[in-house]
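Novice: Mind docking chain B on chain A? Use the hints.
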Amino acid sequence: MNEDWVLYEVFIRSRSGLEHKHVGSLHAADARMAIEHARDAYTRRQEGVSIWVVPSSAIVASDPGEAEALFEPARDKVYRHPTFYAIPDEVKNI
Amino acid sequence: MYTQALDSPAAGADEGSEERERLERFQARIDRDEKIEPKDWMPEAYRQTLIRQIAQHAHSEIVGMLPEGNWITRAPSLRRKAVLIAKVQDEGGHGMYLYSAAETLGVARGDLIEQLLSGRAKYSSIFNYPTLTWADIGAIGWLVDGAAIMNQVPLCRCSYGPYARAMVRICKEESFHQRQGYELMLTLARGSEAQHAMAQDALNRWWWPSLMMFGPNDAHSVHTAQSMRWKIKRFTNDELRQKFIDVTVPQAEYLGLTVPDPDLRWDQTSEHYRFGEIDWSEFQAVLKGEGPCNRERLEARRAAHENGRWVREAAVAYAAKHQAPAHRAQAGAGALS
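Top to bottom, those sequences are chains A and B.
Letter by letter, the first sequence follows residues 1 to 94 in our numbering.
Letter by letter, the second sequence follows residues 1001 to 1337 in our numbering.
Derived, one-sided and incomplete: chain B residues facing chain A with beta-carbon distance under 8 Å: (1) LYS1039; (2) ASP1040; (3) GLN1089; (4) GLY1093; (5) MET1096; (6) TYR1097; (7) GLU1103; (8) ARG1109; (9) ALA1315; (10) VAL1316; (11) ALA1319.
Cross-link-like lysine to any residue pairs, in silico, SDA-like; alpha carbons within 25 Å at most: (12) B:LYS1172 / A:HIS20; (13) B:LYS1321 / A:ARG39; (14) A:LYS21 / B:GLY1161.
Per label pair, the in silico range of CB-to-CB distance: (15) A:PRO55 / B:ALA1314: 19 to 29 Å; (16) B:THR1187 / A:ILE59: 42 to 52 Å; (17) A:ARG39 / B:GLU1193: 41 to 51 Å; (18) A:VAL60 / B:GLY1308: 29 to 39 Å; (19) A:GLU36 / B:ALA1082: 16 to 26 Å; (20) A:PRO55 / B:LYS1243: 35 to 45 Å.
Note that these hints are calculated values from the structure, not bench results.
Glycine is no exception: its CB is placed at the ideal position from the N, C-alpha and C atoms.
Next comes chain A alone, as it looks inside the complex:
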């Protein structure tokens, strides 16, 4: 049925001041229709103030098989977090 309709990923900004967040996907003939469908499917209860739609084919994703290579190196770098440093209780405002 939708052979000719492009799959779009939908991102919604729920309130101004917040980032757009992925909420799901839908099919549409073009970008304009994708925005309208996203409005109907994902914002029936004021869930959004702004919508992005992106053709799913345009998204490049990391491979779960490479997760270790990509994310493991950060594990032993605890010194990147503020809690790594012991500061005496007497010292304030730091």
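Specialist: Chain B in isolation, oriented as in the chain A frame:
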């Protein structure tokens, strides 16, 4: 870590033990309550089980629009009409969330819809019963959506990420469905004698089919054990059915209506209601297509699909003609965030 191995058959005598190891690692992830995401490796049976379940769920939402849509033009007030339209629109939306989740498993939406229209796909047996009176709209919201909520709340913790996320959205919206239904029943039950009788009649007809929504008894449920091991399912059919009865009977009492089950009684020792035998032959017949409305429902879906064809074709033609302007809006917009 072994995603590539899916495409090329493993060589040599290690094949069996490698496959076993992969399965064990997958089960270990499930046991640790990790979520499985679309690009993660998963056993083919897990994928197929999810496609079947999510597609059936999506079809149920879509067909579920029909019994209620039947009453939109005859709603007794503007308020009730607006509520019913919103509810039916929600059901359509739920179908869309679910088709979208199913697609992440590598199945095409067009194929799923084709399976529904050709009659090969299953959907919930409940939607093959007719909505004869306005009270049926109340009974559906209260009982059918109530039973659906019992089933769906645990699915928010399902092991497959996209399905679980779709269910979170759906459950938030279902609560309105159930409450408007109960409010409708309450209005009728407190109304004239004729209105009260209409509410009772609706309960009489929807009670047993609602209990059947939870599926066969555990002893006869083919998929339950494996689905529970995979954490697709968190409770058995009988557990959920019992829970539904325990919460719903007092609600019926509050309405002043009688649950149509002469064997129904409160059991003090177990602190559960005991209930009569479900007519499983009726359930099987409806599943097989012999329910009161099976044919009518599919005909309505096919007609909608056919009658909408020219709109879909026009949209595609329009999109092709205006391909360039479609992107103009963002030209020069720079980085989006």
